[in-house]
Structures are given as C-alpha cells and as structure tokens.
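Q: Spelled out from the first residue to the last, the chains are:
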Amino acid sequence: MILKNNFNNINNTTSFKKFLDIEKNKIFGFWLYLMSDFVVFATIFVVFILMFKLNFYNILIHKKLISLFKIFIETFILLISSFFCGLSIYSSEKFCIKKTITFLLITIFFGIFFIYLEFNELLQIFRSGFKPSLNGFFTSFFTLLGVHILHVFIGIIWAFILVLNIFFLNFTKKVCSSLICFSLFWHFLEIIWIFIYTYAYLFHNI
Amino acid sequence: MKKYFFGFLWSLFLTIIPFILVSCKIFPSFIKKCIIFICAFIQIIIQFRYFFHLNFSKKYIWIIYLLLFTGIIVLIIVIGSIWIMNNLNH
Chain A
18 MILKNNFNNI
28 NNTTSFKKFL
38 DIEKNKIFGF
48 WLYLMSDFVV
58 FATIFVVFIL
68 MFKLNFYNIL
78 IHKKLISLFK
88 IFIETFILLI
98 SSFFCGLSIY
108 SSEKFCIKKT
118 ITFLLITIFF
128 GIFFIYLEFN
138 ELLQIFRSGF
148 KPSLNGFFTS
158 FFTLLGVHIL
168 HVFIGIIWAF
178 ILVLNIFFLN
188 FTKKVCSSLI
198 CFSLFWHFLE
208 IIWIFIYTYA
218 YLFHNI
Chain B
16 MKKYFFGFLW
26 SLFLTIIPFI
36 LVSCKIFPSF
46 IKKCIIFICA
56 FIQIIIQFRY
66 FFHLNFSKKY
76 IWIIYLLLFT
86 GIIVLIIVIG
96 SIWIMNNLNH
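So the protein lines, in turn, are chains A and B.
Numbered according to the numbering used here, the first sequence terminates at residue 223, and the numbering increases by one at each position without gaps.
Numbered according to the numbering used here, the second sequence terminates at residue 105, and the numbering increases by one at each position without gaps.
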C-alpha cells in the first residue's frame, strides 16, 4: 500500500521497464555526463602515459612501494562492489526495500574498503618522500589516482544518501532514477579502474 | 540475475589472468602486453554488456552512438598527444 501512494503516474501494473521508458531522458542525460567525465579521465591519463618516459616508475617498484597483490585485492573489491550494485538494481526492480538497502550498504562497505587501501598506498608513497610536487611523473600519478578516489568517495556519499532516501521515502520516481544513475556511475568507475590498473600497474611490471 | 553472476565471474577470470601473467616469466614481454591488453578490452565489453545491459537494440542505440563519439574524441586526444610528443625535435 505504501508503494502505491508514492508513485506519480505509475500504478502497480506498470512494470519497472515502462518506468524506465518515462525516465529515459534523465538516464541519457546522465550517460552524457559520464562521457564528459570519460574525456576528463582520458586527458589526465594521457599526461600520465607521457610522463612514464621519465623512468621514475622503476624507483617505486625498486623500493617496493607498489605491490601487485594489493592492486589485485583492490580490483577484486571494486568488482565485488560493482556486482552488489547490480544486485541492488535487480532487487529495486522488484520494489523490495530490504534487499535494495542491504545490497547498497554492502556496496558502500566495499567502496570504503577500496578507498582505505588505495589511500593508504598513496600515503605510503607520499611519506617515502615522493611528493606530487617532486616532478611531473608524480604529479600525474597522484592526480590520476586521486581523481579516481575522489569519484569513488562522492559515489559512496551518493549511495549513502540513496539508502536514506529509500528508507524514508520508499521508491518514488526520483529515487528510482537516482538509483539507476548511481549504478551507471559506479560501473563507469569500475571501467576507469580497468584502464588505470592495466596501464599503470600491469604494463610496466613485466 | 544470472547475467550479473555471469558478468562478475567472467570479469574476475579476465582480471586474474593478467595478474598471473605478470608474475610468471615464461613468455616474451610483447606477447604478455598483447594478452593483457586483449583481456582488458574483452573485460570492458563484458562489463558494458552484462552490467550496463547494453546491446544493439533500438532502446540503447543512442547510448552506443554516444560511446562511439566519445571514443573517437578520446582516441584523437590520446593518439594525437602521444604522436606529437614523440615527434618533438629535441
């Protein structure tokens, strides 16, 4: 009964897919934002690629400040959080509040874990004397990873606000479209992380 | 529901392969780079298909056009920058 009262122009016989058709302009608009963000990441990434020629990356490996095992754990954690984000969308299609909130909280937990590991690694490199102001390579290194961590952090804040929204307002039209946009954002961050770890950590550790 | 599990397991598999490849020293380095690149490429396509539910149907075709357009812009930026910086006369 609560769900019926909170829908504008949607009754229980309308499926979630038809709801998506009504909101498809918002979703397309959010895809436009994600593409602009992709271009921003691409420019930072190009500077990072060009700065590799300075050969400072070998110092980081030589001093054992970058460990492949940690990067693998971080990738695995981001993948798990993406998976649970997808599950929360799946359970929101069935309008199941408990499951959606549970899966969103698990996504937030793994996101916080990822930020903790990544931030710790950057802090270790910083404390060893390799500051962003040292040379161009470290500036681009810290910028690329820092911008990615910032995006994940803002995604976590968004997910937390979504949890509060679903808990207090149930599935209104705005909350549903916000949830879909959040899942697009979170999967987009996963894809950016694939680019980052493939180039930064794998290509040059061979 | 099955799609999410499928996508997750394939992504995990395609993530483990490059990490194992990097730590073993059997293959020459160029082949390893190619395999890692191909694994990343396939993983991105799998994530687009199973996490974003993108396909070539009429419903998502404008998003595919967006991706293609942004991909072209990004390729111009990336390849152009690398090419120009490689051809400076020092």
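Certain hints may be false.
[What the hints assert, rightly or not] Example chain A residues on the side facing chain B (calculated, C-beta under 10 Å, incomplete):
| id | residue |
| --- | --- |
| 1 | Leu-82 |
| 2 | Phe-86 |
| 3 | Thr-92 |
| 4 | Gly-103 |
| 5 | Ile-166 |
| 6 | Leu-167 |
| 7 | His-168 |
| 8 | Ile-171 |
| 9 | Thr-215 |
| 10 | Tyr-218 |
Just so you know, these hints were derived from the structure itself, not from any lab.
Since we're looking at a predicted model, the values are computed, not measured.
Every residue, glycine too, gets a C-beta built ideally from N, C-alpha and C.
Q: Going back to the hint list, which numbers does this structure go against?
A: 1, 5, 6, 7 and 8
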